[in-house]
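Given chain A, put chain B in place with the hints provided.
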Amino acid sequence: MKLTIPAFVGRIAFSALAALIGAIFALPLLWFLFAPFNARAELGLALPDPWTLNNFVTVFGNSYAVQALWNSFIQAVGGVILVGAAATLAAYALSRSSIPGKGAVTYILLLFSSVVSGSAAMVPIFLIVSAAGLMDTHLAVILTFAGGLLPTAMFILRDFIDSIPKSYEESAMVAGASPVQAFFDVALPVIRPGIVVVVVWGFVNIWGSFLIPFILLRSDSNMPASVAIYSFYSEAGTPIVTLLAAYSLIYSLPVIVLYLFVSWKFGFRFFGGIKA
Amino acid sequence: MTTEPIEAKPKKVRNFALLSNRAGAAFLTPAGLLVSVFVIVPFFWVIFVSFTNRTLLGRTALNPEFVGLANYLSLFDPATFFQRGQFGFSLILTTQFVLASALLGQALLGLLLAWLIQTVPPWVKRITETFVIAAWILPEVVIGFAWFAFLDRDQGTLNMLLEGLGLPPGDFLLQQPFWVIVVFNTWRGAAFSMMLFNSAFSSIPPSYFQAADVAGASSWQKFRDIGLPLIRGHIVTDLILITMWTFNTFTPFLLTNGGPSYRTELVSIYNYRVAFQDFQFGKGAAVGVIMMLINLAFALIYLSIGRKKRR
Numbered sequence: 001m002k003l004t005i006p007a008f009v010g011r012i013a014f015s016a017l018a019a020l021i022g023a024i025f026a027l028p029l030l031w032f033l034f035a036p037f038n039a040r041a042e043l044g045l046a047l048p049d050p051w052t053l054n055n056f057v058t059v060f061g062n063s064y065a066v067q068a069l070w071n072s073f074i075q076a077v078g079g080v081i082l083v084g085a086a087a088t089l090a091a092y093a094l095s096r097s098s099i100p101g102k103g104a105v106t107y108i109l110l111l112f113s114s115v116v117s118g119s120a121a122m123v124p125i126f127l128i129v130s131a132a133g134l135m136d137t138h139l140a141v142i143l144t145f146a147g148g149l150l151p152t153a154m155f156i157l158r159d160f161i162d163s164i165p166k167s168y169e170e171s172a173m174v175a176g177a178s179p180v181q182a183f184f185d186v187a188l189p190v191i192r193p194g195i196v197v198v199v200v201w202g203f204v205n206i207w208g209s210f211l212i213p214f215i216l217l218r219s220d221s222n223m224p225a226s227v228a229i230y231s232f233y234s235e236a237g238t239p240i241v242t243l244l245a246a247y248s249l250i251y252s253l254p255v256i257v258l259y260l261f262v263s264w265k266f267g268f269r270f271f272g273g274i275k276a
Numbered sequence: 001m002t003t004e005p006i007e008a009k010p011k012k013v014r015n016f017a018l019l020s021n022r023a024g025a026a027f028l029t030p031a032g033l034l035v036s037v038f039v040i041v042p043f044f045w046v047i048f049v050s051f052t053n054r055t056l057l058g059r060t061a062l063n064p065e066f067v068g069l070a071n072y073l074s075l076f077d078p079a080t081f082f083q084r085g086q087f088g089f090s091l092i093l094t095t096q097f098v099l100a101s102a103l104l105g106q107a108l109l110g111l112l113l114a115w116l117i118q119t120v121p122p123w124v125k126r127i128t129e130t131f132v133i134a135a136w137i138l139p140e141v142v143i144g145f146a147w148f149a150f151l152d153r154d155q156g157t158l159n160m161l162l163e164g165l166g167l168p169p170g171d172f173l174l175q176q177p178f179w180v181i182v183v184f185n186t187w188r189g190a191a192f193s194m195m196l197f198n199s200a201f202s203s204i205p206p207s208y209f210q211a212a213d214v215a216g217a218s219s220w221q222k223f224r225d226i227g228l229p230l231i232r233g234h235i236v237t238d239l240i241l242i243t244m245w246t247f248n249t250f251t252p253f254l255l256t257n258g259g260p261s262y263r264t265e266l267v268s269i270y271n272y273r274v275a276f277q278d279f280q281f282g283k284g285a286a287v288g289v290i291m292m293l294i295n296l297a298f299a300l301i302y303l304s305i306g307r308k309k310r311r
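Protein chains in written order, with our numbering: chain A, 1 to 276; chain B, 1 to 311.
Simulated coverage check for chain B against chain A, where a stretch passes if three residues somewhere in it have a Cβ under 8 Å from a Cβ of chain A:
1. 37 to 50
2. 123 to 132
3. 286 to 300
In silico contact screen, one side only, chain B against chain A (beta carbon under 8 Å); selected entries:
4. GLY24
5. PHE27
6. ALA31
7. ALA146
8. ALA149
Here are a few chain B residues that sit away from chain A, every Cβ distance over 12 Å (derived from the structure):
9. ASP77
10. GLN83
11. GLN96
12. LEU99
13. LEU174
14. GLN175
15. ILE226
16. PRO229
17. PRO260
Simulated from the structure, these hints should not be mistaken for laboratory data.
Just so it is clear, CB atoms sit at the ideal spot from N, CA and C, and this is done for glycine as well.
For reference, chain B alone in the conformation it holds in the complex:
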């Protein structure tokens, strides 16, 4: 009897897990159910609905019919594809929006900020960070209204400043709605890139920069030759994450409602309008499927990079 446990012990150590498989499965069940119903099922359901003519109201709300590729064909109808308020227009607009506000705006501004706050006195760093992060954490509705007031043609802070500087005021929400949402999204999201790059820069051994200082390198040279190459991995991560978030963001809706005349109608807003204002669920679902495919492409790139890094 005494020998048995000793013999069994090495085997047990090899397979030792603190939680048995049964207990582990039980622990996983609640999360598994919730994620299945609200994340995985929607993924497949949206594909199914996109092949039907389901609507929110009326006869086809209860008995949708299978319509094959009709929804996709109407989205990609070459006669109307590029017209304002159509899918193609919205897709191109979103691409420009992602390029300008995420890849250029947020990433560059975040990089600049992260580099600046490495060297400035702590109180400047604290104040700058506070406002950049405030722009990021405050609820989107509040931010939307703050910008609505900021851009108001007659009283807004921006026009007050412009007039003070001797520049012509403007009704920017009407005249330049696209650039408004680009600046808005840059402002809203720069904090994430700043924080990511900040922690990346602080993980570089200070001795590298000290050696460069001794050699008399300028800040720009240190940035170009030491900082930038060493955080390349973080930059890729940042670009993919902010691309996905910006592609899916709905927040500009709170500032412009997608208008005027569809000029700020990003795909997320287009999806909302088709499904919940025009009540065409089938077509809305088709938009959702295309959005998810684009998300999937970015996610796969991101995950494959993450895997390579771990190896």
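Extracted from the complex, chain A is given alone in its bound form:
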């Protein structure tokens, strides 16, 4: 179809506007592209002078910083294993069994999961963890996130399982498999892409979280990177910019990689439900 001149101008204006908004969104992040590689990085935007990887060397030489990344990893992986396993089992039961009250359970879960947010429930979560004697442990963070993320994870997975024809498991059971065998050997491999999405979503959420570990953890040796990052401040309270920049980049890397992985594997649109 041939474009008329006004339509052509309109199109250019649209592109220009989209690009401008994109550029405005990029502005606060540009600094992160340069500062980590700048030996004399400050808060201003500047080309690295001189270029260096020394900031990263310093970060990896700081045992507390490395420990914090490891703690983030333990908490995220631990939480994700629990969420993935429990949500898969529960979603399968909600999809494939005829337990009475299934609909009501789903409704109540949906309701509670949106009402009980981390910032509204910080007092009782603190009290429960404290009553369970789990204060200042990885397990406290892992369990809190598992509970908080599970309802949403269950819904994503239940929708996914609902879309899989029952005939897979039925054929297996006709061939003599028990329901549990049909689940593990037949259904599970088919559900796997859904589990991957839930696991990535959970990982990104726990890895990036601040508030829950901030209130549940005390000792330096348990702090995840999101809280430990505040130790890169001098005693006067000013940030040590070179370290902060490099550390922020390392800390963001898993999230970026996972995002690229999901958008490559499942296409862009699937990412719509991946955060929040």
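Chain B alone, transformed into the frame defined by chain A:
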């Protein structure tokens, strides 16, 4: 013997479930336990604690006393309600924050972006989407620090740009903290609305727009008369979800710490300060209860709309 299975079969088909009730219950148990302990129990526990004078430290940490409605009365004390650093101030601030940054900022910007990227060349779309989504997925601590650097009075990128354009620089975190967190939250969250509206627009049959093109409709007319009416349901969903998220967000704390002098103290941050800096758990719990009631109202609206749609 041979007739029995045949007779039983139709009955079995009617009740056929792949998983027996017992196995189903077993499958549900781990998730049920975790959700009960960390989602459902907190909901009721916070109500209970809000009627006590429990503190983090001291005598009442171990033996809290029942104080009735005292915590609520102190939150709603008319003498101090609207003062800075008090609950009423924080609640009004949060309402303004939600209106400006979620309902106006995120939703409108997301709508504009979603509409723009329907027509622009793929490479423009790709680049724009990348930055908008990056703002959304990067960890909140990193984003907080990026904005701290961006807004720095002496060296920050923003003041550098303003000076380059001949505009006066400013110390925005001190002078306009509220508008800083509004812009910050709009920037941070626009991606969700953009993606939701983008997929809503792409689900409209292209023939509708082609017919409008033939009739010579402008982009604005297509947006107003075809796009907007057809995604009305998605807009309602989006508005409720971003309202709830923005109402509960704690991220501005990482940029402003709630200050200067309580001027960005949203209810989530107020709740944190009362409970974990002033150590008044009872009062903090009362704040939590009110937040949950507000969440509950939004969630019920959302669920009732979802149910209507399914019917």
